[in-house]
Each structure stands twice: as structure tokens, then as C-alpha cells.
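Colleague: Please work from the sequences and hints to get the whole structure.
Heads up, our numbering is the position in the sequence shown plus 773, with the first residue counted as 1.
Treat each hint with caution, since some may be false.
Unchecked claim - Restricting the straight-line Cα-Cα distance to at most 30 Å, the calculated cross-link-like pairs of lysine-lysine (DSSO-like) are:
#1 K849 <-> K875
#2 K862 <-> K875
#3 K833 <-> K867
#4 K791 <-> K875
#5 K864 <-> K780
#6 K780 <-> K792
#7 K864 <-> K875
#8 K792 <-> K867
Note that these hints are calculated values from the structure, not bench results.
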Amino acid sequence: MHYLGNKLTFDEIIWIIKKNRNFEDAISAGEAFLNMPGLNLVDINQDLLALSMVIMKLYKTSPRDSIHAATAITQKANIIISEDSDFDKIKELKRKSIIDFKMH
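Modeller: In C-alpha cells:
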């Protein structure tokens, strides 16, 4: 299986786990993410940011969500794993919760 993300994905994983658990668990999760087989970290460049601006204007999403969506769209990924229902507005993507993702 192939997975993709960007530098913001790494940041958000560590931030949310540190917020809800502790620093040590956050570091472990960050290491697990970086060592995940099949992971492709996409560069955030000017073209990706330009697409994220289009997404922000069209769907009224936050800058971070728009960057994640642009990452998925440019890589032809049609599923995004997130607990954030704001991704449901983006017609080019289908959101799955982490629980649904882990079950398959």
C-alpha cells in the first residue's frame, strides 16, 4: 500500500498526540510515521500552494486543510484519512476516519 503526506502531516501527527497524550507518545508516533513503508512525503512548493489557494476559495477551507487537499489531489489520491469533517466539502476527495481506515 502507498501513503502520502507532506511536512504538515508530520507536524499535525506529533502535535495532536502530544496534546492528547504526552511528549513521548508524540515522538514515537512521529518516528512510526517517518518509518511507514510506502510513505511518500510530497514537497510543498509554489504550485501546490497555488492549488491550495484555489481550494480555499472554492470550499472555504483553512490553509492547512487546503494544503493537505492539494497534496492529495496533485498525487491523484481520492481518499484522505482525517477526523476533520471539513474535508467532506471537497468533492475531489473522499474522507475516511482513522477507525474506518484501520478496519480495511
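Colleague: It remains to establish, for every hint, whether it holds in the given structure.
Modeller: Against the structure, the hints come out as follows:
1. A C-alpha spacing of about 21 Å is found between K849 and K875, which places the hinted pair at or below 30 Å, so the restraint holds.
2. Between the alpha carbons of K862 and K875 the distance comes to roughly 23 Å, so the proposed pair stays at or under 30 Å and holds.
3. Taking the CA atoms of K833 and K867, the gap is about 17 Å. The hint holds against a cut of 30 Å.
4. Proximity of K791 to K875 is assessed by CA-CA distance (about 21 Å); at most 30 Å being required, the pair is judged to hold.
5. A C-alpha spacing of about 24 Å is found between K864 and K780, which places the hinted pair at or below 30 Å, so the restraint holds.
6. Between K780 and K792 the CA atoms are separated by roughly 18 Å; this keeps the pair inside 30 Å, and the hint holds.
7. In summary, the hint linking K864 to K875 is supported, as the alpha carbons are separated by about 23 Å, within the 30 Å threshold.
8. For a cut-off of 30 Å, the pair hint linking K792 to K867 stands: about 27 Å separates their Cα positions.
Taken one by one, the earlier hints all hold for this structure without exception.
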